[in-house]
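Using the sequences plus the hints, can you model the full thing?
Each chain is listed here by its residues.
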Amino acid sequence: MTLLIEESASSTQEKTRKVRGNVRLREHLMGWLFVGPFGIVFLALLIAPLGYALYLSLWQKKLIGGTSFVFLGNYVKAFTDPTFLSGVWFVVRFSLVAIPLQILVALAMALIVDAVISLFTRFSRLMIFLPYAIPTVIGAVMWGFLYSKSFGPLTDIFGLFGAPAPDFFSKNLIFYGLINVVTWQWAGYYMIILYAALQGIDPSLYEAARMDGASSWQIALRIKIPLIAPALLLILVFSLIGTLQFFNEPQILRYLAAGTIAPGFTPNMYAYQQAFGLANFNYGSAISFALGGVVFVCVYAFLFFTRKRRSFF
Amino acid sequence: MTGSAGARRRPQRHLPLQIFLGFLVVYFLVPFWWVIVNSSKDAPGLFGGSNTLWFADQVDYFGNLQRLFTYDGGIYGRWILNSTLYAFAGGIGATILSVMAGYGFAKYRFAGRRFSFSVLLGALMVPATALVIPTFMMFSGLGLTNTIWAVILPSLLNPFGVYLMHVYARDAVPDEILDAAKVDGAGELRTFLQVAFPLMRPAVVTVLLLSAVASWNNYFLPLAMLSDNRLFPVTVGLGLWQGIASANNSGSTSLWSLIILGALVSVIPLVIAFFTLQRHWRGGLSVGGLR
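Line by line, the protein sequences give chains A and D. Just so we're aligned: 160 in full-length UniProt numbering is position 160 of the first sequence, and the numbers increase by one with no gaps anywhere. Just so we're aligned: 92 in full-length UniProt numbering is position 92 of the second sequence, and the numbers increase by one with no gaps anywhere.
Incorrect hints may appear among the rest.
To be verified - If you want a taste of the chain D side facing chain A, the calculated C-beta under 10 Å gives, among others:
id : residue
1  : Q18
2  : L46
3  : F47
4  : G112
5  : V119
6  : T129
7  : R170
8  : W216
9  : Y219
10 : V236
11 : G239
12 : G262
Read the hints as simulated data drawn from the structure, not as lab findings. Virtual Cβ for every residue (Gly too), placed ideally from N, Cα, C.
Pasting the structure below:
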């Protein structure tokens, strides 16, 4: 009798184990069914191209002798190629000026729009965000018109003061011309992200600070900015990834600023020129991959130094 | 700037701040204004006109529009349609994949989940443009370059959309509701479509908007993939015109007024979508920004 009971007990245990195993299996299966379609696209259009780029970048095509394996030869060539290096130096310099500027403008606007509630600030919020809806290419085309000597307004405006108009397509000023385009394009988008983060702060914090005699400035500097630090970090990382890949704006303005923007102005433009202009796909892939590496290292170094990795993801 | 109890009850005005904001608004609107004004001019008005920030004597939007849509056999209209197709196909496809994957990552503890999710997070850092050259090589081997698929297929990939949907599904879809639905006899798929999906709708709209806009704005990828200008999206098309117009300045002055109006027309659908759907933009951005 006891034996029988024990036996039945052990068999139910086994049964539950089996059922639980089925549930686990089902969980695995359903999970992969949901993630699978994206996984296939991810493998086919991200992992495969990355692997292929790496493979391509290890070979070199010569006019005589065909394609040969050169291992890191293309990378050695890239990192000693003055055009590539000057392109990297340009985007790094550009990031160092453009990103802080955009974020400062965005932060100032977000703080104003958050603190001052009026019909005008609501309207401003929309208008400042508007450039984000414009494709970067069209934005660059539009600023190209404004910079133009023949039909831009700069000649008129500076003429009022009897000064010659600045030529943003010249070698000296193209840097600032591009900074302006990029700031115009992205500051509003960053402002909206920061504004959304500011709206998420509990207003009772401000009241408590006011009780303690804090001014609006102190509230902004000591409460608001520290509390939206994760959003600031997110913007910094996104703008760093975007700016190092700089392509659309200089590529479009290249036609107008003939002679100032060379085909190898930024690393991405150089890769494009090598691959599609000169059919040098191996070297183009190596440049793309090297640029990807530069981006990866920059972002990780940045995240490491800010040590906020956990709060970001 | 000190806030007393009375100032809190009344909305604070901060006049200097508002004036400062006013200057910024003017700066952000100047390019739009310039394009609106100058797309009404003909070539002589554009180049000989004395006032570049105000209308000329002759305002000729209709004539310019007619020239824009008939130039080169109406190629501009085709570009707009192409852009629309790429934006819709890429946007809807990317959204379906993102919603499913985000839900799968959030709600199922499957083997390899942790590993594949960290690969996904790593992929957020991969610069999209680094993929263009090898994808071109792969597609050219498959005979896919210079077809619409060369533009649509790569825009199906949206790792950020998956990340966003994962965060949203994790927080906005309670496990208890899903379990209750399953106890009531709903299958996994039905639970997803009829219970989870309605709860995720705000984020779905945001991902749809973000990915549609990303494919509408795309330039590098179609520029590399397409050589037949009848397949171009409007971004690549206008870039082409601008290159032609800048190359021979004297011969193609009339093309400049087409480019200006073309830029304006291509922006209008986006501006409308932007104003009517602004609630969804902000909702999703705060999800991405806060967590």
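Cross-check of the supplied hints:
The restraint placing Q18 of chain D at the interface with chain A holds, with a minimum CB-CB distance near 6 Å, inside the 10 Å limit. Because the smallest distance between the Cβ of L46 of chain D and any Cβ of chain A comes to about 5 Å, under 10 Å, the interface hint for this residue holds. The closest approach between the C-beta of F47 of chain D and any C-beta of chain A is roughly 6 Å, which is under the 10 Å cut-off, so the hint is satisfied. Hint status for G112 of chain D relative to chain A: holds, with the closest Cβ pair at about 8 Å, below 10 Å.
Because the closest C-beta pair between V119 of chain D and chain A is about 8 Å apart, less than 10 Å, the hint holds. Interface hint at T129 of chain D: satisfied, since its Cβ lies 5 Å from the closest Cβ of chain A, which is below the 10 Å cut-off. Because the closest C-beta pair between R170 of chain D and chain A is about 13 Å apart, greater than 10 Å, the hint is violated. For W216 of chain D, the interface hint holds, the least distance from its beta-carbon to any beta-carbon of chain A being 7 Å, beneath 10 Å.
Taken as an interface hint, Y219 of chain D checks out: its beta carbon lies about 5 Å from the nearest beta carbon of chain A, inside 10 Å. Hint status for V236 of chain D: holds, given a least beta-carbon distance of 8 Å to chain A, under 10 Å. At a threshold of 10 Å, the smallest CB-CB gap from G239 of chain D to chain A is about 6 Å, leaving the interface hint in force. Annotation: G262 of chain D was flagged as interfacial toward chain A, and the flag holds, the nearest CB pair being 9 Å apart, inside 10 Å.
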